[in-house]
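Peer 1: For reference, the chains in residue letters:
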Amino acid sequence: MRTFCRIAVIAILIGSVSGCAGQPVASPSLYQRLGGETGVHDIVTNFLINVADDPRIVGYFAHTNIDYLAGSLEQYICDISDGPCTYQGPSMARAHQHMGLTDASFNALVDDLQNAMMMQNIDIGARNALLGRLAPKYSDVMRDQ
Amino acid sequence: MRAKPSLMLLIGICGLLMGNPVLAGSRLLGTGGVMQIEGASGGGLSPWGVLAGTASDNEVGVTLGATRADVDDYHLVVSGVAANLYDRVELSYAHQRLALDTLGGHQAQDIYGAKLRLFGDVLYRPWGVWSLGIQHKQQVEGQALARVVGARDTQGNDIYLAGSKLFFDALAGRNLLVNTTLRSTRANQGGLLGFGGDEGDHRELMIETSVGLFLNSDWVVGVEYRQKPDNLGFAGEDDWRDLYVAWLINRHVSLTGALLDLGSIAGLEQQRGGYLSLQLSL
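Protein sequences, first through last, are from chains B and L.
Convert by adding 342 to the 1-based position in the first sequence; the result is the number in the numbering used here.
Convert by adding 1378 to the 1-based position in the second sequence; the result is the number in the numbering used here.
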């Protein structure tokens, strides 16, 4: 029995080692974890619905072309989450300049995005990873207010 | 003043749990920490770089807290109130009353605090948020005992610099909050045994640090450590540490529990026990 166990353990070890060496498993990109094209599209849609219902910030979007914004946001999120896109819109500083944004409005926006992802049951790791990539953009967004 | 915050807390919590619409700050859940035992926003033991509640740059907020800590030979009751003005200044008041269950008697102090956010943001800035704070502590009960055991003064000022930073997706996809505080102090057992002593009467720089892992957006677990001076010859003073879990029920109500290890206090060794703190933010 003992010998059997030993052989079994060795066999498992060899199996797992060769498994690691033989086929490197590519971990999915953040874009894939967010649900790919459909996932990002849904995140942006839900996010904009949340924003439209959010009296704290809806005013900022009064003169915004929402379809253009949605497309632009999808491309942006796709780009920063290592998806197959290149964001071609204006820089974050330029896109937000002179909007009169406050920290409160920035926080409200993050809150709405977070809720959109939670509505879709995006897993917590992917949610936090996306927020982590967006958080440093604060400096650019708030540069010319 | 002592009973008032507790009563307001109860009334407020009943209202908030029923879902009455009350204005909340816009900062995200958890970014104000909880009320630490000296009334400032932080963990349980240490002030953090963040300011109380969720008020942002054009908002104000008020936070009330009630805390009880029970260790082998003592228990501490704290009630406090803190105001956050535009996420720039925090003003706080706390009343601490320590019951000497084994030795008999009480030690109590009032703590008036102010914290100024110097720069940064806990979520969005690479260096996090940094604040400078002061806590003016005045013993209101047990001054005689403090004198007897060798304390030089029954009031004192702690000055601290605190920084907090949240790292997204840091551990198993979870966000990790890291805090460091440098405190200049002469306080014995936080001030409850007076300030300065026969074995040291100068300010010393103490380090306090904590980490907290957000299991999800409303549960945080972590550990804290607070270094302390050792000024009194009659008994050694140890550093404090704890293991905590905070439940951020919503933007208005949070509940924090902790396992405490406060070391030796006034000659009684190995003071361990539990900590429970209820907080209400408006």
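Where hints are given, some of them may not hold.
Pairwise CB distance ranges (calculated) [as the list claims (entries may be wrong)]: (1) B/Asp-395 / L/Leu-1463: 42 to 50 Å; (2) L/Val-1467 / B/Thr-380: 45 to 53 Å; (3) B/Asp-395 / L/Phe-1545: 27 to 35 Å; (4) L/Gln-1516 / B/Ile-391: 50 to 58 Å; (5) B/Tyr-429 / L/Gln-1516: 16 to 24 Å.
Residues from chain L that keep clear of chain B, each with C-beta distances beyond 12 Å, as calculated [as the list claims (entries may be wrong)]: (6) Leu-1406; (7) Tyr-1502; (8) Leu-1656.
I should point out that these hints are in silico values taken from the structure, not numbers from a laboratory.
By construction, the Cβ of each residue, glycine as well, lies at the ideal position given by its N, Cα and C atoms.
Peer 1: Against this structure, judge whether each hint is valid.
Peer 2: How the hints compare with the structure:
1. B/Asp-395 / L/Leu-1463: 42 to 50 Å: violated (29 Å)
2. L/Val-1467 / B/Thr-380: 45 to 53 Å: With a Cβ separation near 46 Å, L/Val-1467 and B/Thr-380 satisfy 45 to 53 Å, so the hint holds.
3. B/Asp-395 / L/Phe-1545: 27 to 35 Å: holds (31 Å)
4. L/Gln-1516 / B/Ile-391: 50 to 58 Å: Taking Cβ atoms as reference, L/Gln-1516 and B/Ile-391 lie about 53 Å apart, which means the hint holds.
5. B/Tyr-429 / L/Gln-1516: 16 to 24 Å: violated (57 Å)
6. Leu-1406: At about 6 Å from chain B, L/Leu-1406 fails to clear the 12 Å cut-off, so the statement is violated.
7. Tyr-1502: Per Cβ check, L/Tyr-1502 is inside 12 Å of chain B; nearest 3 Å; violated.
8. Leu-1656: Its Cβ never comes within 12 Å of chain B, the nearest being 24 Å, so this holds.
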